[in-house]
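Read off the chains here:
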Amino acid sequence: MDALNFGVFQSQISELPDKVKQTYSIDFMLGSYVAINNGIFAGIVINSGSAVSSISALAKNPGIVSLKSAASTVNSGYKITTTNGAMILGGGETGRVVFYLNTITNISAIIGFHNSLDNNPPTNGVYFNIVNDVVKGRTAKNSSSSETGTEYSLASNAYYCFAIDIDTSASTATFKIYSDDQSLLWSDTLSTNMPTGALGFGVNAWTTASDEVKYLLTLDYMEFTLPKVRVIPK
Amino acid sequence: MKIYFFDSGMRYIGCRELSNGEPMPKNATTEPVTLFDGQQAYLYNGTWVISDIPPMPEASPALPTLDERLEAVEMAILDIYLGGAL
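So the protein lines, in turn, are chains A and B.
Residue numbers for the first sequence follow my numbering, so the first one is 602 and each next one is one higher.
Residue numbers for the second sequence follow my numbering, so the first one is 169 and each next one is one higher.
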């Protein structure tokens with residue numbers, strides 16, 4: 602690199618924003634579920650459900666937390682999310698959740714950007730909607746919702762990475778499901794009912810039956826990226 | 169046409185419809201399989217072999233809180249001070 606080009610290079614570097622995007626994540630490496638509150642994500646009971654943490658021995662999946670239902674309580678479960686109105690989508694956001702289903706019977710879950718406090722559907726969101734083994738992508742704007750035309754059937758006890766990518770104009774959401782070995786299993790998009798209202802990010806899971814306490818869903822990792830957040834000076 | 173995916177260990181990891189014009193993914197088969205809760209399947213010589221999922225190991229018990237640990241330390245010190253009376 603000659604001196605002139607080096608000078609241009611230096612100039613370009615100095616013009617880069619100090620921080621162009623912010624990624625928030627959690628890997629569930631704490632030993633107590635009550636400690637799932639890292640200032641970004643908090644664990645909250647849904648109708649008497651619970652959660653239990655385990656420091657996983659798997660090199661690939663360190664730190665997991667299982668969301669559980671309560672005995673004889675339909676719609677009981679657990680959620681680990683940001684505050685439901687913590688952000689709005691400005692374009693370019695991404696979300697990733699690595700997890701597996703402990704059961705594919707009598708379970709519902711919502712995963713992604715949404716504002717649901719419990720087992721009720723979000724009024725604003727871009728999220729995966731799981732009913733038993735079937736998952737679809739969904740958008741919701743002021744309680745009007747759209748659903749992907751295709752779906753994927755999940756297996757229990759298999760790790761997946763659910764991915765949501767919002768385009769730069771916040772007008773299209775792409776939903777993707779990857780296997781544990783990073784193979785793309787399913788993808789679909791939605792461009793209607795893209796939310797403009799406040800929402801959060803995370804996972805709600807609950808049982809749709811009144812039966813014994815059971816493991817619903819086990820989380821390994823969550824992250825979301827907001828590319829339009831403030832720039833922090835050096 | 170429905171396709172059934174398997175992972176690098178040939179374990180069943182879900183299914184979906186093949187889209188129009190989409191080439192058959194290398195990690196999928198048209199061989200059907202239906203699983204109930206607690207079952208898993210492995211593809212062996214083009215056929216799914218179904219078995220029960222081994223029971224999940226009990227999760228680690230919750231670690232004591234900081235207050236609980238401090239209380240335990242205080243009790244141990246008190247016990248030493250009292251000559252093992254506690």
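Some clues are possibly wrong.
[Claimed, not checked] Across the chosen pairs, the derived CB separations fall in these ranges:
#	chain 1	residue 1	chain 2	residue 2	range
1	A	K835	B	G206	40 to 46 angstroms
2	A	Q623	B	L250	51 to 57 angstroms
3	B	M192	A	T797	36 to 42 angstroms
4	A	N733	B	A244	47 to 53 angstroms
5	B	P191	A	V830	37 to 43 angstroms
6	B	P193	A	V830	56 to 62 angstroms
7	A	K661	B	G206	43 to 49 angstroms
8	A	I833	B	S187	39 to 45 angstroms
9	B	K194	A	S770	30 to 36 angstroms
These are calculated hints, taken from the structure and not from any lab test.
Here the structure is a predicted model, which is why all the values come from computation and not from measurement.
Here a beta-carbon is modelled for each residue, glycine too, at the ideal position from N, C-alpha and C.
Which of the listed hints are broken here? 1, 6, 7
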